[in-house]
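Under mature numbering (1 follows the signal peptide of the UniProt record, and there is no 0), residues -19 to -1, 1 to 161 are what the sequence shown spells out, in order.
Any given hint could be a false lead.
What the hints assert, rightly or not - DSSO-like mimics (lysine-lysine), calculated; alpha carbons at most 27 Å apart, straight line: (1) Lys31 - Lys21; (2) Lys21 - Lys53; (3) Lys30 - Lys53; (4) Lys82 - Lys158; (5) Lys1 - Lys82; (6) Lys89 - Lys103; (7) Lys89 - Lys31; (8) Lys90 - Lys53; (9) Lys90 - Lys1; (10) Lys103 - Lys31; (11) Lys158 - Lys1; (12) Lys53 - Lys31; (13) Lys158 - Lys21; (14) Lys21 - Lys1; (15) Lys1 - Lys31; (16) Lys89 - Lys1; (17) Lys21 - Lys89; (18) Lys82 - Lys103; (19) Lys158 - Lys31.
For the record, the hints were derived by calculation from the structure and aren't laboratory data.
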Amino acid sequence: MRMLFTLLMLVLLPLTAYAKLPSDSVYHLNNQWQDSQENKLNFADLAGKKQIVALIYTDCITACPVIVSDMKAIQDALTPEQQAQMGFVLVSLTPARDTPKVMRHFAKKRELDQHWTLLSGKDDDVRTLAMALNIQYMGLPDGEVAHSNAITVLDEQGRLQLQQVGMTGGPHALIKKVFN
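Produce the entire structure from the sequences given, and follow the hints as far as they go.
And the structure:
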């Protein structure tokens, strides 16, 4: 009987956490993603920490390296206590090209640590997330992607807390907005 109760709790506990999310949470999106380690996860699995999110593609040579550098500058400016409360998420705009192996290589090349999650998903799921985050993008004939150059901060429950284009005022200005 105890084993049945334990199994029931293991099944129902994640559902109760999901039900407690606010109605404007992006964690309600029912999309499945794959990370750079080939693990499957839902965006709601990121709940519990603030998340700095950007949509990029790994072979970009213009805006995406700047976005990642800005996010790394934010991470470097965080105190250890703040780092424990923050995750960094990069979502691929070109999931067919950004395989887990490609994303692992990208993470290694960019020296992204365990605080970073690199995700790819189905094209429709990427589009749905982009719409929820008010990110616009369009594939170009040469394989490049024109896209919003935004960094989005989600609160612990997946609500949009802050979105900014570029690093106006440097990383400390953004950190002050996020943690105050």
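Verification of the hints:
Between Lys31 and Lys21, the direct Cα distance comes to roughly 20 Å. Compliance with the 27 Å bound is thereby established for this hinted pair. Taking the CA atoms of Lys21 and Lys53, the gap is about 25 Å. The hint holds against a cut of 27 Å. Note on Lys30 and Lys53: the hinted pairing holds, with a Cα-Cα distance of about 17 Å set against a maximum of 27 Å. For the hint linking Lys82 to Lys158, the alpha-carbon distance of about 35 Å lies beyond 27 Å, and the restraint is violated.
Between Lys1 and Lys82, the direct Cα distance comes to roughly 35 Å. Violation of the 27 Å bound is thereby established for this hinted pair. Note on Lys89 and Lys103: the hinted pairing holds, with a Cα-Cα distance of about 24 Å set against a maximum of 27 Å. Proposed proximity of Lys89 and Lys31 is supported: the alpha carbons are some 23 Å apart, at most 27 Å. A C-alpha spacing of about 13 Å is found between Lys90 and Lys53, which places the hinted pair at or below 27 Å, so the restraint holds.
Annotation: proposed proximity of Lys90 to Lys1 is violated, straight-line Cα distance about 38 Å (limit 27 Å). A C-alpha spacing of about 24 Å is found between Lys103 and Lys31, which places the hinted pair at or below 27 Å, so the restraint holds. Pair hint Lys158 plus Lys1 holds up; C-alpha atoms about 25 Å apart against a cutoff of 27 Å. At most 27 Å may separate the alpha-carbon atoms for a hinted pair to count; Lys53 and Lys31 meet this at roughly 15 Å.
Pair hint Lys158 plus Lys21 does not hold up; C-alpha atoms about 32 Å apart against a cutoff of 27 Å. Distance check on the hinted pair: Lys21 and Lys1 sit about 22 Å apart at the alpha-carbon level, within 27 Å; holds. A C-alpha spacing of about 17 Å is found between Lys1 and Lys31, which places the hinted pair at or below 27 Å, so the restraint holds. Distance check on the hinted pair: Lys89 and Lys1 sit about 36 Å apart at the alpha-carbon level, beyond 27 Å; violated.
Our distance criterion of 27 Å between C-alpha atoms is met by Lys21 and Lys89, whose separation comes to about 20 Å. With a C-alpha separation of about 17 Å, the suggested pairing of Lys82 with Lys103 holds against the 27 Å cut-off. Taking the CA atoms of Lys158 and Lys31, the gap is about 12 Å. The hint holds against a cut of 27 Å.
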